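Engineer: Chains as they are written, first to last, in the working numbering: chain A, 1209 to 1453; chain B, 64 to 349; chain C, 542 to 810.
Derived by calculation from the structure, the hints in this document are not laboratory data. Do not rely on the hints blindly, as some may be mistaken.
To be verified - Straight-line C-alpha distance at most 35 Å; calculated DSBU-like pairs for lysine-lysine:
| id | chain 1 | residue 1 | chain 2 | residue 2 |
| --- | --- | --- | --- | --- |
| 1 | A | LYS1446 | B | LYS235 |
| 2 | C | LYS550 | B | LYS232 |
| 3 | C | LYS544 | B | LYS278 |
| 4 | C | LYS543 | B | LYS278 |
| 5 | B | LYS163 | C | LYS543 |
| 6 | B | LYS235 | C | LYS586 |
| 7 | B | LYS189 | C | LYS543 |
| 8 | C | LYS544 | B | LYS232 |
| 9 | B | LYS189 | C | LYS550 |
| 10 | B | LYS235 | C | LYS543 |
| 11 | B | LYS208 | C | LYS550 |
| 12 | C | LYS600 | B | LYS189 |
| 13 | B | LYS232 | A | LYS1446 |
| 14 | B | LYS208 | C | LYS544 |
| 15 | C | LYS544 | B | LYS235 |
| 16 | B | LYS232 | B | LYS208 |
What the hints assert, rightly or not - Computed spacing ranges between beta-carbons, pair by pair:
| id | chain 1 | residue 1 | chain 2 | residue 2 | range |
| --- | --- | --- | --- | --- | --- |
| 17 | A | ARG1359 | B | GLY259 | 22 to 30 Å |
| 18 | A | GLU1241 | C | LEU691 | 37 to 45 Å |
| 19 | C | TYR565 | B | ILE110 | 36 to 44 Å |
| 20 | A | GLY1322 | C | GLN773 | 33 to 41 Å |
| 21 | C | HIS764 | A | GLN1383 | 49 to 57 Å |
Said to hold, decoys possible - One side only, chain C facing chain A, incomplete, derived with CB under 7 Å:
| id | residue |
| --- | --- |
| 22 | PHE568 |
| 23 | GLU580 |
| 24 | TYR583 |
| 25 | ALA584 |
| 26 | PRO587 |
| 27 | PHE588 |
| 28 | GLU597 |
| 29 | SER738 |
Quantities reported herein were computed from a predicted structural model and do not represent experimental measurements. Heads up, the beta-carbon is just placed ideally off N, CA and C, and yes, glycines get one too.
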Amino acid sequence: MVSRIVTGVTQIIFPYFMYHYYIHGNLNSEFHEYANGADYMTYVVLGSALNVLAVSTLMNIGRALITELREGTLETLLMTPMPRYAYFCGCLLEQTARALLEFGAVTAVGALVGADLGYLFSVRAAAVILLAVFSFFCMGIALSSLMLYTRDTYLTQNTLFITMNLVCGIMYPLQYLPAGLQYAAQIFPLTPAVSLFRNVMIENQSLSVNQLLIWQIVLLSGVYLLIGTVWYKKMELKLVESIFG
Amino acid sequence: MYGAVKGRLEDQDARKIIAQHLVKDYILKEKIMEKSGLFGRKQKRVIHAVKDISLEIPQEKIIGVLGINGAGKTTTIRMLASIIAPTSGSLTMNGVDAVKNHLWIKERINVISGGERNLYWRLTAKENLRYFGSLYGLSGVDLDKRIAYLLRTVGLEEAANVPVERYSKGMKQRLQIARGLINDPIYLFMDEPTLGLDIVIAKEIRNLVSDLAHKEGRGILLTTHYISEAEELCDYIYILDKGRIIAEGTKEQLKGLLAYEPKVVTSVQEPSLEEALIEIINRCNS
Amino acid sequence: MKKFLIVMKAEITKQQQHDYHSAYVYFSLLIWPILGFFEVYYAYKPFELTDYMGIEDGKTLLAFLGTGFMAYTCFWSMVQNAWSMANQERRGGTLEIASLTPASRLAMSYGRALGALIQEVWMFVCFCGFLLMYTKTIRWDNLFLLPAVLLLLIISSTVWGGMLNAVFLFSRDASIVMDVFDMPMTLFSGTRVPVDSFPCWARIVSMVFPLTYCINIIRFALHIQKSSRGWQAEILGLLICLGVMTAVTVFLIGRAERHNRETGELQFY
């Protein structure tokens, strides 16, 4: 938790140093165009805060089952008739408070370095955060199966998170990236979620004008949920064979 | 020649490790909770791990140290192997003060433990031995010959280039022994060398241990929970309890301690070493 | 001295045999730094670059970040390797066995650092080398500077790594060192942002990290950036840092040895 907060805060501090001390607020016209005239620090802080929420949710949901496997408790879990979704929902509820705490810490530091977060405590912002958490949860289920398949957490999670940092438009507008990467970025729910969050928080846009982004998040969530469910069922069969076989 | 023990001394009295009145105290920091106050504070407590131990390990002999868990065996071995310094008492190896010259001692001793740790699993047997040999300053042809000799001795020649992670338990234990012999030690400290091994492999290891002492002239200190192993191998046995030696002697002498005791001897057969050990510890505790 | 070198060589060889072709190494020290490098490169994209402190366009930015990341990866690999090896050695019981031997602990610490450097960082250094050639920072006429830069990096990283090995080898959980040396070191040493642009307090903090002097010297030698302190001051700063780190290493090892002789444990706490 501490290291995730440190990483989130550092993600703000770096651009802060670059923006204030090195470049003295000298942004180019492309940024204003791509970010719809948003203030740079606000833009970065919102991206970083949602990224912390994504990393936290993905990590906790993704690692839940493989942690059980490593600690030898998965055997007991598989023997029970519990609904698997209830298990993941339990993990989500357990970790949401912590994830929101991390999110809060990063936004608080962001406010200190000058980000304008006036719309954070609005129903719209809360709805976007809930939708984003749901999409990260769905992706986490797919990630959980991937981790069980590779029997690895460290390489998988770090490669995923570093790739998301690069392509999802957290620190800079997506348009700066080569076209191929911009398309690739669309497979991560974080990309539309960050755009939506910024539209709501910076421009106070209503959700109805962002339907396209909302549908993209819902669609991606559905796809990840489907992949995760099917894959998990296959993995469970294999696990049962390997543990009890 | 690579199996010969270096530093043989003519003076028989000087060819042994002599420990006299060894004492080892540890300071344990314990957290205690105050009745009032949120945070606990730490309190120092002295643990007398070894209270008074005097023993000898002559070359060419296998000396057994037996005792229940917590008797002080590990601390005793650690002191004898110069891993830790005794709080008081004297320790000499072949006439040299082992407390003051622990680096000199480390070149001439080695420790072998049971279990599967203490080896680099991703490395092969040869690579493991080359690494540990280098830590003793060995290199080049001498080290290569020593490694070849040891792999032959422990029967791992064929698997020399296989990573240790693919070894069976028995193979790992044999490699442990080769590792323990890499510096051609005069004295070996063996901590349960047959732990978890099947009877065939355990027998092989016991034969090897016997040869190391009786044929190659090394002094061996052995700790084990398998009493039959001690009975088969040890020339002399010390029984430890609560940091003290409570009995010592050859296995016959130890059994003899109970031979005329009607409470223990219920049949015409003489008591086993196991019965003798349990009875000695029980008597001492009562 | 011969024994010292034998132990160092053994540690280097062991590192190579232990981590050869490990996916962990390729990911953590090649793929992740490359992705991180491009993330920072794109983070500069919203800014108007106007030759301020030597960064005037995309190519000079690549050279600036390339040198910073190359030096940082060498230093960071030391932190990571010291941490993972110490954990593995402690769990595997090999640390205990190595402590039974009369081998010089200093040779072991430096051997480990050098071994990790040779084994793990060459791929990313090659990447940065190509980057510097692409940006024409390194050309045929100044090609001789490349081995000089690498030598500087090897010596500084090894001394740094030796100290970290001493810290990690003799402490049960020094993972806080990972947190302390990851982001703060990246920020204050000038890997991504020129140190000269920092406020006074941040410049003082940056002086604590030997990486700062290393990066400044490399950038000065390759004409990427001038140091406000002057190159003599940078070299003096680096020498002082190296001296202090060596002294700390010797002190820590000596203390740990005494502690080990007293309690039989290989950690302070």
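Engineer: Could you tell me which of the hints above the structure violates, numbers in ascending order?
Structural biologist: 6, 12, 21, 28
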